[in-house]
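*Asks:* Work from the hints to combine the two standalone chains into their complex.
First to last, the sequence lines map onto chains R and W. Here the working numbering is used: the first residue of the first sequence is 1, the next is one more, and so on. Here the working numbering is used: the first residue of the second sequence is 1, the next is one more, and so on.
Everything labelled a hint here was simulated from the structure, so no lab data went into it. One should not assume that every hint holds.
Lysine-lysine pairs mimicking DSBU-like chemistry, simulated, CA-CA at most 35 angstroms apart [stated by the list, open to error]: (1) R/Lys168 - W/Lys159; (2) R/Lys228 - W/Lys159; (3) R/Lys350 - W/Lys159; (4) R/Lys228 - W/Lys109; (5) R/Lys402 - R/Lys168; (6) W/Lys109 - R/Lys168.
Here are the simulated distance ranges between beta carbons [to be verified]: (7) R/Gly302 - W/Gln149: 34 to 44 angstroms; (8) R/Arg275 - W/Glu167: 37 to 47 angstroms; (9) W/Gly144 - R/Phe422: 54 to 64 angstroms; (10) R/Gly75 - W/Ser168: 53 to 63 angstroms.
Where a beta carbon is used, it is the ideal one built from N, C-alpha and C, also for glycine.
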Amino acid sequence: MPHISRRHAVAALAAASSLPALAQFRVEIAGVGLTQLPIAIAPLRGEAQSPQKISAIVQADLERSGRFVGVDASGVPLDETSRPDLSQWRQRKADALNTGSVTRLADGRFDVRFRLWDVVKGQDLGGQSFVVTQADLRLVAHRIADFIYEKLTGERGVFSTRIAYVTKVGARYSLWVADADGENAQSALSSPEPIISPAWSPTGTQLAYVSFESRKPVVYVHDVATGKRRLIANFRGSNSAPAWSPDGRTLAVTLSRDGGSQLYTIDAGGGEPRRLMQSAGIDTEPAFSSDGRSIYFVSDRGGSPQIYRVGSGGGNAERVTFNGSYNISPAISPDGQWLAYISRIGGAFKLQVMDLKSGTVSSLTDTSADESPSFAPNSRLILYGTQQQGREALMTTTLDGKIKARLAGQGGDIREPDWGPFQK
Amino acid sequence: MKSTPFKRLSIAFTIAALMAGCSSGVKLDDVPVEDKGATSTTGGGAGAGGAGQSGVAPVDLSQSSRDVGGPVGVARIIYFDFDSYTVKPEFQSLLEAHARYLKASSARKVMLEGHTDDRGGREYNLALGQKRAEAVRRSLGLLGVSDAQVEAVSYGKEKPAVQGNNESAFAQNRRVELSYR
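Bound-form chain W, shown alone (with noise of 0.2 angstroms):
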């Protein structure tokens, strides 16, 4: 939809009556995906007006990047088993699968995610699920893919696949998701 200069003031009035009825609080909306040095995100100057010297100031987040591209019908989780930190080679010709794509695509990023099931502290989660995160980087390392396209990081037991407190739910969780950007 084509959008007028009237439709364009009013949103920007709009948002400047927001933004007034706000007291404090600042909306961010660009989100800081790749900075690579330490870059400052300003969330507005509060703790003035009546906000007292306890006042904090909001900073809000929208919503963050979505998945594209990546092999066609090629799935991109892998399980692992209890306590375990090892590729099993039920997963073999999956990760073959996504080390062509990736070598026939040389600009191609690939993010692997890992998890853990929820049992446990959130940061020593942390450090398992980058465990199972490079132990797939390795696997495909040995296929051929290039380092650079990928990315080991994880995110512990904060992203269970699915909810519950028994052992299907566990091993559901217990993966690596791979995500191309």
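Isolated chain R, as found in the complex (with noise of 0.2 angstroms):
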């Protein structure tokens, strides 16, 4: 074997692992948005040694966001600590750069180290440096993405922030907790009874969901971090649609222990439940709105599944959908401008998404079995359940439904996902 001399080992190994660290996203992008900033995010000095490969992380997720596309920057690492020639940049058409460094520390933990490059004006854009275990390293290369958002399009990235999921593999359901981009996924909870409707507490901490494991529907809060469960509704009957108000105080739910399927709240340290109002029809998919004054549900009471929308302390109902005779599913975008919800067109389930102000409906997917919407907390993408080639699928789409992405998720059927709040 000829000899090598250490340094050309090391940067010929970052060369080729770039591809297949690429190559670990099934993020698929259809579709063009008009206004994508390209940007090159440069290997960091040291990935190769390092258990993620920070920088395809990064680029994977600011695709995501439809907001940026990804300049190649492939081939020799460029760290945070010296400035890099922008010319050659400005060539290969990028407007920005991130460059930076990943190290491992003598106690196993490893820093990271990052600045981003205004290429345009020839700007060092500021940067940041982390100190973490090998668990969190994904998590910094999504803080990194957070800050490589907010510093070129003013608004908060959502990258740190967390899903839940369920499968179902074989008999066995798993709801799992992931990162954004549906990857690191661990399991909070596996059983041999379906688990549906998982919904993150405003804190992210908790995930309130539906357990059959108990053999009837029964609505539990579950600690993440710790695998503490507590009983929220286990009344006679079913109990269901667990949604959270926006302050964490209340849980809305439906249960059927006075008979048909209606509307309740309940304190989420538990306690009795107080009806929100009386209905002879189906009353079901409560989702407060984002200033927690209005409850958005699913009721039959018309004839047909529509969309109503009711006061959190009830009262009287007002409907809000009008196309169609399915509609279902409500979730209400955190600044209060988006409502995103299934309609059955044509034997076909899609997502749709009102402007509340308006009441302009567009139409944002070309699947058929679209399910269980949820909005990221900056109110710029939603991500939902659907069918491709036949089989369950994750993806997130862009309000114009322009950039879709179809996240990394455990084998198996992949359902009812949930986007949870901004991480402090």
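*Replies:* Structure follows, in structure tokens:
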């Protein structure tokens, strides 16, 4: 074997590893946005020895947002300590460039640093450093993507937030907590019976969900860091569709304890449910408005399932959806401007978004089994379940439907996604 | 088989070794099946050690309870037409047999589990399955069964009897199952 210097070996390793690193992301961008900023995310110095390919994670995050397009930056890593030759990046048509380093410390932790450059103006846009355990390296990559996103768009990024979803593999159901890109999934609950309707608490520390583990639908609240669970609604009949109020003090749920599926509110700590309304038909799928003052829900009181809105203390409900005969699963954007829901159109179930001010509705997908929409905490993306080539899949879409990405996930059926809030 | 003290000890060691080998996980063997109030089941203290701030403690549930009892030789499934929530006359004799059994054994309880076909939303289907289960509950009530012996619940579209994306499969999945516990 020919003798090569260690430095060269490292460079060769870095170049060779950049392709498989990108290939690990099953992000499929379909459609083209109009105003995408070209950005080069150079491999971090030391990344070849890092358990996570940070630059690849950052680039995939930014591309999934629909606001950026990656410029090829494979090759020699660039660190944050020296000023890069920006003219070279101008020639490559990059408007921004990220550089950095990752170093394994003596105690086993990792020191990660980065610096962002405005290639056009030739300006240093700042950087950060982190010292973290190996388990949090992906989180750091998402934090870097958040920094870049906020610097260049002026809005908060959502890449370091978490999502929850459910898989069914064989006869086993699992509730997962994953990074916002679907990777790094950790099992929160595994059960021989179905789990549906996970809903993040506003603090991002707890999940409410429906578990059939006692062979009927029962609502639990589950602290994900400790695994501690408590029963919130286990009344006679079915208990389902938990939704958190924005202040985290109250859950709205669907109970059948008094006959029929009806809406109740219940203290997050447990206790006696308060009935929100009386209706002759089905009332279910409550979703609080972003200001907490009203609750959107699904009801068949008019003969077919439609979305309605009622005050969070009860009162008269007003109808919100009027197109078609089957509109379900309302989700309200955190900025209060948008209503996402699922509509049955010609036998297909399609993700819709309504501008709540104007009432204008747009159809966002070309799939036919969309379900369970939820908004990113910055209101810029919708996460939903669907089917692609007969398999269940999780997707994100921009609100104009132009940029979609399929998220990574566990094998088997994958469904019931919910996007968590901003992390502290 | 009789378990010797040595066997019990070795089992205990095995469990201890399994627990120790599992850095942050805790297996939950006692599933809260009949909890009435708000109780908490501890999934163990994780998030410590090398888990970092994005750590999640896994909770693993074991097999749930199985059916027991009920009238011998009587079918336990009632099928429904598409978009229908009324019990068809052809199931009357089946319901009468269950009603006789329940009235004769007042300590017995039956769960009426409503199901739908797999088209549409999970929560909305849960509510539709509930409608079917409650229709059967009313039918049993008319036959003199005490309401305290029956509970109407729904699985929505989560537990199809058969897989398939055709009318035959849909028809077999639109049902209420009587399950004695």
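*Asks:* Each hint needs a verdict: does it hold in this structure or not?
*Replies:* These are the hints, each one checked on the structure:
no.: 1; hint: R/Lys168 - W/Lys159; verdict: 12 angstroms, holds
no.: 2; hint: R/Lys228 - W/Lys159; verdict: 27 angstroms, holds
no.: 3; hint: R/Lys350 - W/Lys159; verdict: 23 angstroms, holds
no.: 4; hint: R/Lys228 - W/Lys109; verdict: 31 angstroms, holds
no.: 5; hint: R/Lys402 - R/Lys168; verdict: 30 angstroms, holds
no.: 6; hint: W/Lys109 - R/Lys168; verdict: 30 angstroms, holds
no.: 7; hint: R/Gly302 - W/Gln149: 34 to 44 angstroms; verdict: 35 angstroms, holds
no.: 8; hint: R/Arg275 - W/Glu167: 37 to 47 angstroms; verdict: 38 angstroms, holds
no.: 9; hint: W/Gly144 - R/Phe422: 54 to 64 angstroms; verdict: 57 angstroms, holds
no.: 10; hint: R/Gly75 - W/Ser168: 53 to 63 angstroms; verdict: 58 angstroms, holds
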